[in-house]
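J.: Sequence:
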Amino acid sequence: MRELLRAEWQKTVGNRWVTGLLLWIFPIGGLALAVLLPILTLLLPPLRQGLSGRQLEWTTVMINTWQFPNNPLGRIFLLGLTAVSFAGEYQWQTWKNIVPRQRRVPILASKFIILAILILFAFALLSIFLAIGEGLRALVGNASFGPALTADTLQTFLRSYTLSASITFLNVMITAIYAALAAILTRTILGGVMVGIAISILEPSLLLLLLALRGLFDKVEIIHLYRFTPIYNIGNLTSWVESNGPTQTLVYMLGNDTPADSVQFSLIVLAAWVTIGVTLLLLWFRRQDIT
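Each position in the sequence shown, counted from 1, maps to that position plus 2 in our numbering.
In short, the hints are calculated from the structure, not lab data. A hint or two may mislead.
For each label pair, taking beta carbons as the anchor points, the in silico distance ranges come out as [claimed, not checked]: (1) 278 to 151: 40 to 48 angstroms; (2) 192 to 274: 24 to 32 angstroms; (3) 52 to 206: 31 to 39 angstroms; (4) 261 to 42: 42 to 50 angstroms; (5) 73 to 246: 17 to 25 angstroms; (6) 149 to 213: 38 to 46 angstroms; (7) 246 to 123: 22 to 30 angstroms; (8) 221 to 151: 48 to 56 angstroms; (9) 9 to 273: 24 to 32 angstroms; (10) 282 to 47: 54 to 62 angstroms.
Idealized CB from N, CA, C, for every residue including glycine.
From just these sequences and the hints, can you work out the full model?
T.: As structure tokens, then:
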């Protein structure tokens with residue numbers, strides 16, 4: 003397994019154009035902003051005046067950084083990276099050389115592990131660069147910068163930061179499963195990207211379908227099925243991070259019957275999606291004729 007991980011790391015990182023445009027663009031863009039925004043603040047009086055006396059928080063910047071991979075634009079980049087990682091093996095015909103020599107389950111597992119490590123590392127770097135940039139903006143704009151680094155502050159920050167990173171990790175894994183399944187089925191990079199994007203777009207539309215079924219069968223319980231979708235639980239976890247309370251997505255439709263789903267509930271549901279998705283992917287790949 004160690005050799006597979008090393009080989010997958012070298013192969014993924016060595017594909018500089020793909021990783022550069024689809025992954026490293028995030029920390030590089032964050033570094034550019036960390037340099038550019040303080041310079042603009044220093045050179046433009048209106049920006050300095052707008053910051054004067056304000057309170058800028060490094061904790062908020064670092065935690066909110068993890069929300070970007072969860073929006074549609076961020077997901078498209080990660081879908082592309084996953085599609086290249088999986089479908090590229092078909093187009094470049096490397097599976098024929100790899101699969102006969104190795105068991106298939108470790109091969110796919112190594113891909114998911116390396117993708118997860120690279121994505122988490124890239125966005126951790128992005129959060130650090132943006133926090134440094136915010137500190138420089140506060141310095142040149144005569145703004146307060148905090149909070150002070152105390153034991154309580156650090157403990158609270160690490161809890162929220164870890165939860166935000168975990169949300170992103172689960173969302174990335176689910177997105178990667180979409181793209182990987184599509185890539186294995188279509189055996190093309192474009193097919194993997196397009197099918198993955200289509201699933202990501204159609205997923206929010208599921209609520210409209212459930213609303214139609216509720217009206218058709220006059221059963222409000224049908225709406226509760228939405229609580230077991232990835233998009234709902236990602237939103238619920240994000241709400242807990244940002245406002246320390248459950249999401250209000252279903253309040254209008256369920257009224258007083260709206261459940262207050264906990265962090266644990268959403269983590270369990272998302273973990274189940276990841277487990278089922280990876281299992282299906284492994285079973286499908288094991289049965290596929292590669293050679």
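J.: Can you name, in rising order, the numbers of the hints this structure does not satisfy?
T.: Structure breaks no hint.
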